[in-house]
Structures are given as C-alpha cells and as structure tokens.
Amino acid sequence: MLARVANNLFWMGRYIERSEHVARYLNVNYFSSLDAPNLKSQDRQFVLRSMLFMVGDPEKDAKKNLKEEDVLYKIGLDPTYGASIISNIKFARENANSARDLISTELYEAINKFYHFVINYPKEIFVKNGLHDFTTHVAEMTDILRGKIRGTLLHDATYAVISMGINIERATQITRMINAKYNDALLSQDGENDRFSKSFEWTTLLKCAESYDMMRRFYKKTPTSISTLEFLILNPNCPRSVMNSLNQVNQHVKMLNPEKRYNKDSTAFLIGRVRSEYEFKYIEEIDKDIKSFIENILRSLVDISDKVDEEFFNY
Amino acid sequence: MFIAFYHVPFNKRISMTNIENQIFSSYQRNPELYDEIYDKNGKIKEVYQKLFKLYGEHSIIDYVSLNNKAKSSFFNQGITFQVYGDNNVQEKIFPFDLFPRIIDPVDWDIIERGSIQRSKALNLFLWDIYHDKKILKDKVVPIDLITSSANYLDQMNGVNPPGGIYNHISGTDVIKHKDGKYYVLEDNIRCPSGVSYVICNRTALKKALFGVFNHYQTHTVTNYAENLLELLESVKPKGVDIPNVVVITPGMYNSAFYEHSYLAKTMGVELVEGRDLFVENDFVYMKTIKGPERVDVIYRRIDDQFIDPLEFNPDSVLGVPGLFAAYKKGNVTLANAPGTGVADDKAVYTYMPKIIKYYLDEEPILNNVHTYHCSRPDELQYVLDHIHELVIKPVDEAGGYGISIGNKLTKAEIEKVKAEVKANPRKYVAQPIMSLSVHPTYIDDTESFEQRHVDLRTFTVLGKDKEFVLKGGLTRVALKRGNLIVNSSQGGGSKDTWVLKK
Amino acid sequence: MPREFEITYNAENVYDDWVHDAHWQFLIIPVENESQYEVEIEFENSLFAHTEESINGFGFKTLRIHPKKKFKKITFEAKFKFKKEEVDPYNFYINPDISIAYNEMQSLDFKITHERYLKFTSFTTLDSEQKGLFKFNNSISIFDNLEALNHWVFEYIKFTTGVTEVGTPLKDVIFEKKGVCQDFAHLFAALARINGVPTRYVSGYLDQESGYMGDSQMHAWVEAFVPGIGWKGFDPTNNILANTNHIKVCHGKDYNDCAPLKGIIHSHGKHKTVHSVSVESQQ
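Residue numbers (the UniProt record's numbering), protein chains in the order written: chain V, 1 to 315; chain R, 1 to 502; chain F, 1 to 283.
Isolated chain V (complex conformation):
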C-alpha cells in the first residue's frame, strides 16, 4: 500500500471515530442535563462550557453568557470550524476520496451518503430541535461505516491501518471525555450529598461512552469515580475502554509489521510498552492523580500516532 494513501486511510479512521464521539457527547450531555439531580448539572451554561471543553476549545471568559444556538452550531455544523462534526466528516470523506481505489464501493458509498446527509442538514432545524435526530444519525452512520470497514474490506494492511486510526482515536476521545467529565465533576460539587466520587457526571460519562448498561451489569452498583474510571480505562472487556483500544492497536500493528525481531524503535515496541503499562495497573494508582494520568495517556497516544507516521507513512 502506498505510504500516502495509508496516511489518508489512517486519518479517515480517526475522523470517523472523532465525529461519533463529539456527536454523542453533545447528545448525552444536552439531554441528561435537562433533568439532572442538581442545579449545577442542569445549568445551560455549565453544559455548553463542558461541550466546548471536550472539543478542546474551552471558553476562557468565566462571565461570558454563551448562546446555546451558537455553541451547538459551532460544534455541529460550522464548516469553518475545524473541530466541528461537519468538518470531521468532510475530512473523513476527503481522505477516503484519495484512497478510493483501495476501499470497497460499499464503504465509499456509505461515507458519501453520510457526507451528503451532514452537509444537507438544515442549520435552523439543527439548532432548534434537530440535535437529537442529527447526533443519533451521526452515531448510527459511524456504526454503519465501522460495519462496512469490518465486513467489506480485506483484512489486510488497509484494514489494519484504518483500524489503528479508529482505535487510537477512540482511546484519545474516551480520555478527553474523562477529562471533561472529571472537570465537570469537580465543578458541580455543591453539597454534602453530591460529593465528587458520587457525582452525577460519572453516569453521564458512561452514557457518552455508550457503556452505562454494561457497567451496571458488571458492578451492579451506582457508578462512582473509581468504578467508572476502572471500567473505562482499565477493563479490557469494555469495548470502549482505553485498554481495549490499545489491545486493538497492538493487534493491528502486528498485521502491518509481523516481524518479531527486537527493535526498540518500532511502533509495535512503543504500543506494547504503553499497553503493558496499563495492563497491570490498579485503578487506585490512577485515582490518586487523575490529572497526571490524563496528561500521560494523551501524550502516549500522540507519541504512538507520530511513530506510526514516521514508520509507515513517511518513506
């Protein structure tokens, strides 16, 4: 496979995954906040700020009164804003375009339909009453895309590259959500009954990661900070966990480079190293200093992405 095209496919995977996480974050936060148990979590300003924080664009002016329609438009449909859902999908399609000969017609057609759905979505409807419809549709479309990727592509290097993009992005986005919700949980502590560890925000976080039901099934208790983080970071059986994503990346890099030779400069080595760091960790070690953990894991994920770039995309 051409190095340039591999790079495009890698980023196609990343943008598809990113658009889904942003969409779900908007959806879950907006709707679960409507009837949240405490005032802070219900506050519109609080929710809008959380959304901006999650896409990496926090509002610095604490006094500014954010307009709901503006924030939703910016993150959802603003074509001039690079982190918006519409931009992510545009980038995904552009990357797919240049690799069109390598991916299946079915996958390309699905991406193309997705793109047309998003660019034709009326702005006025979206900001007034289309948020649920739009974001659910985006999440469903990404599911379809992942289905086409798994079900219509040859499971060779092409597949491995896309999957690596998806999983590195998933780990990144889950970490970003944890970061945003951690921040929200700190901010929303307002009384004896709602301490940090039992914050309502942990439930929202699990829902953002579509992992609430499975988490309840696994722990059979109301989510706390510890159990939520354990589930979303360390539990390899949770399909959205950082650990699970790293395992996937590890598996796919081996498809690209099956060489078993010791090579400490390889991507496989770096991924294995990061993965083994979290494989046998206690959640209590992370809980002590969540902030540093988040910084560390984000840095490791950037390092992995850079390494992939260096080893495979940059002849």
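Treat the hints with care, as some may be off.
Okay, the calculated bits of chain R under chain F, using three or more residues with CB under 8 Å as the criterion [claimed, not checked]:
#1 135 to 149
#2 277 to 286
#3 314 to 322
Source of the hints: derived by calculation from the structure; they are not laboratory data. Predicted model, so just to flag it, every value in this text is computed and none were measured. Beta carbons: idealized from backbone N, C-alpha and C, even for Gly.
Using the hints, position chains R and F against chain V.
Showing chains R and F alone in chain V's frame:
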C-alpha cells in the same frame, strides 16, 4: 454533403401515431434527421421494438421516479465531477439517460473492425514517424504534419516502445450520418476518458430496469478492466517476470479522478500520484508502507508535457523527475507512449484514409469526414467563402473547445472567425456540418422524450499480439436541443449502449 | 599528441527558506566523440547526496542529485579530465560543383532527415521583416555562406553581459544588438535555418587561455550541416570555426534542449545561484 438540419418548419414534424404508448406519445420526430430507432420506412426498427413496448408499459411518472433514483445512485456512489462556484464547490453527476441505445451485430461488426483498423494504422504511423519516416519520404503525408506539430516529441525519435505499441488505448469518436453510414470524427490516443461511465451506465440501467435485460442478449461491458490489465502486462519491460502495474493520476481534483480510481480498483493495482513515485538509477519505485517497491508499467492519465519536469514542462508538479530517462532506458513502460499526441492531431485525421491504405493496404472501414486544410491556400479560400456551412475546428484542442459551427454564427461572428483563420491558417481545419443521428432521450425540463444528437466513443485496447474493442462504448448525447457538441465538458450527457449478440 | 584537459565546474545555490524536496539535473559532462575521449568524472556536493548518472531524452549524459534532507545552501563541484585531439577546422573538401550541395538541401529526404534542426523554436523564431537579415549568395558554396554568416553575426551583436537573460526573445536581441554567446548562437541558427541549413545549438566549454571571448561560464556555439561535408562548428561570438579549444557537452534545437542545470525545487522565498567554470589544458 452539406446539411442544414433544423430549418424544418414545425408543422412538417410528425408525431408518432398509432401508438398507445403514452410515454412516447408526445415524441416529435423531425423527418430530416436520422433517428436511430426508426428504419427507412418510418417504422420502429426491429431491435428497438421490444424495448419500445417495455418502456411503453411505464407511465411517465414511473419513468421520472426511476430516473431520479438512478441519479441519486450516481450521486451516492460519488460518480460526480466538481463545479467551482463563487464561494462553494458543487458536485454534479454526469447526466445519464435511462433509454439505451441499441447497436445490432451487423453495425457493430463494422464499428469494431473499423476501430481496430484505425488503431493499428495509427500505431504503425507513430512507429514510422519516430523511426524511418517512410510515409513522409513517400510523400503520402506532408512533412509539416510533424515539423509544425507541438505534440511531436523529438525525444521519442528512435525509441522502441515495448511490444512496439504506442497507442495502447484509443478512443474513437464515431457518428452515424444522415446517409446511415458511420463516420469517424476524431481519434483520441493521448488519455481518452469515459470508459468508466460505460460501466456505470450499465450498472445503473440494470438496477433501474432489470426487467428489460431479460429480453435482449447484450454483450457485457464489465470485462474492460481485465482486458486492460492483460494488455498492460503484455507490454512489460524486458527482464520483468510478473510486472507491477500502476495507474497514475493528476489527483483527486482532476475531473476524471473517478475514472482513474475505478480503473485502478477494478484492475486491482495501485492508483498513484507523481509524488508517490521516485526514480533511482533509472528505475521507478513507489513509496509504500513497507518501503520502496519497483514499478514496471504505468498507465498514465497525465499528458506528455507533465510526466517529467526534468525533461518536459519544468513547472509540472504532477510528474516524476527522471521518469522519461527510465522509460527511454526500457526500465518502465508508459501507456500510452509519450508522443502519441502527434497522431491525434486533427490535421493527421484528414490523412487517415491514406494512412490506412499505406500501412495496411486496406480500404478504410469507417468513413472519414472530408476535411479542408486552411494551411492550403486554395482550400483556405474555399473555407473563408463557405464558413456558414462548415464546422471550423482548431487542430490541437480536445474536449470540444474552440469549435465554431458556421450556420449558427451571426455575421459579426463569421467575420471574427474569418480573421482568426486567416491569421493562423495552420491552426484550423474545416469540415462540412455533419448531421449526427438522433436518439430519443429523456429530457428533465419537459419530462418527455425528445430527439437529441448522439455519437459513440469506442475504446480499443492494443497490445502485443492482442486487440480488444469494448463491446458497447460511450454514447454521448448533446442535451441542448439542436446542439451538436456532445462532450461532457460542454454539457453533454450519456446513454447505456447495448451491443447485441449475433 | 592529444591535449589533456581539466575542467572544473562550480555551482552554489542559496535559499532564503528551507528546501525540503529538490531535484537537480546537470548537463555538463564533455561528450565523447572522435576528438574528445577518456572522460573521467568527479562530482561532489556539500550535502553528500548520492549522484546518479543518467541519459537525457536526447541521448546526452546527465548527473542527477536528489538530497534526502532539508537544506538552505548547497554547493556542487564537478571535475572532468579528458583527452582531446587537435582539431583542424579547415580539414575538409568542397566539391567545386557547388550546385550539388544546394540541390541536396532542397530534397525532401534531406528535409525529413534533418527536420529537427530545420524547425523554428521559441528561441529561433524571427519576425517576418527580420527573416531577410542575412541572405545566402548562391554563387558561393554553402560553407562560404556560413562563414560569412558567422562573421555577420559577430559584427551585428556586441558581446555585452547583463543586457539579455535566458528567456530573452531573439527579436529583442536583434533590436538591442547586444547579447552573450547564447544570443549569438540562436541568431546564427535562426538565419542559417531560414536559408535551409540544418543548424544545432551547442553547449560546452571554451578554453579562454587563447584569449577568446566568453565569460567564466559555459559557452555556446552552433553546428551547421553542410551537404557533402557534414556537421561543422561555428562560433559566432568569436568569429571563428570551432576548434580544439571548444569542448562540446551537448547539442539541441536551442538552449532549452541544452540547459546545463535544471532544478525542480519546492521552496518559498528567494534564491541565488552562482556558477563558475575553469578550463585548463596542457600538451
């Protein structure tokens, strides 16, 4: 052979009578034009009867809905080209018509043999003018055909392309004239495009109206890619066992990018851009995730001037520095070979009957349209005196650009064309206005079938001991009423084309 | 006894901004022919990038460089050592019946064989009123006419640097009557071709020890095909026939076919290029 064809008063046009066929009930037939679906006696041709009946079972509403579905299928598949507006980019599909054109086996036989004959003759012509130049020395064609052609590449002199093939892929534009005979309008042997639409049109038609296929024995068109790949492998460089074939494209913003990716995908080969390739020690490599990989055969969809900035246009960012040296050394094959453009010059076209006779000792199977060379003083005078009944064409433009159709020009425009031709006589040729045949075509605006002019581009693949003509080809339709220019860049559409089995 | 030559070619390119991707192709190696032989090549660059030898579309040897790392400055040094036989430019025979040669030049076969060097390129195209600047006298031989043309061009243009550059059209040179060796060669070629003589532009080096005109860069002259004699070199810049001091690199229709250095550089900002050439010889 000078035909003015839409000077027919409206009351002379006849409607189809005695047909319960509501879908065609408003079809206006101009008896001055050659309509593909009627025979000499004004009856619907036998090959079309079945189709006519089947389509007649639909109401126009059914048809509109099918047509819209077909369009959205093209759109979803991304079979589109981009139109750059003031502040946004719009995607458009190539207009496509659900009413197919049918070519019977007898007619097809002529077209197929004629296309192969022309491709072979052009190939021999190219070999000759880049080697001994016998045809010039024997005064069959004049020397200035090559000395004043911008597409004649001095660098190709004495080069022996692998398998002796220059024009591996040729696109021959054929029309049916009022006299019922086939004429060639143009040979395209640089990077002829359109073959992917042949296949897309077929797929779309099959999806929309699968029922009609049961009633006809139609040749498949999906075997193009395998034939192309077989050809490309047959012209591999010496010493290569299993050649690595790639398709090179100018990139995803090129209007034919869909076709490039389609061909790469169906052949199962890499689609590369210039920046994916590099030359080292006169061998060509592509940059893959596993390091450099050698490339042996390049199906190039980039024009000569852009393939190698060190040898040709130095500003080209599309090409590969050093590619031509690798080619000349025989380490890589380019298809089509560099320098083929000299032979699809419209001035060469006019000599085609002589060229066929000279190299193959055969009479041309497909007719040539008589051409006046403005470079010859006596013919120039004739052209200047008769512009109103001629088509004036620049010799070296493709895509239907720069064409003036005499009977559509105002007096002022005629004077302008005259001045331009007088200033650059070598740049222009003129031909009588041909009356392209017409075919019922669904027109969106009026939601009905109307007569539109059509042509046919055939695709011929020429390899070492191999020749293949895609049994179908692209029927292009001039969608504007009365318009003769069918090129997609000029607002043309296309039709699925059925070649019936014997 | 052949003379031993040593030519040193230096080039330096400096860029304002980093250059990440660059290709150069040098067309500077003395060609091997019956008088020049045993050419030895040494080529170095300041980035230690690998040098490839190749052959361009017209069959002449080139050197190519494609550095793998980014840079702002690169210098090249080429050294060529070779032997060259003494050339006596007047060692040929002219048939006293000069009409034979004129007739041959009129034949179609001749025009076809030499079509490449009879056609007019962007550098050798004259305005219609300039076409009559130099007319052949059919009562003397073609060679004598060419020598007269050589002299005429030498007299017509005053050797001046800095007036013309690589892209200056011939009609401007004719108007200014000033120029450098390329302009002399192009004017000669254009006028010889108008009179039916196939003429090719030659790029090479000139040993200036002998006091010839040129500058410390590459030189240009022409070769004209005289029926019955063959290709003869004329140096209109110096009003002489090409001799032992003319070291040929390549020939073509005009400068474009012979550009000594072609670069494909992707970089923003300005750049500066300096070339120098030195030719030394000993018996």
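(request) Against the earlier hints, flag every one the structure doesn't satisfy and list their numbers going up. (result) none
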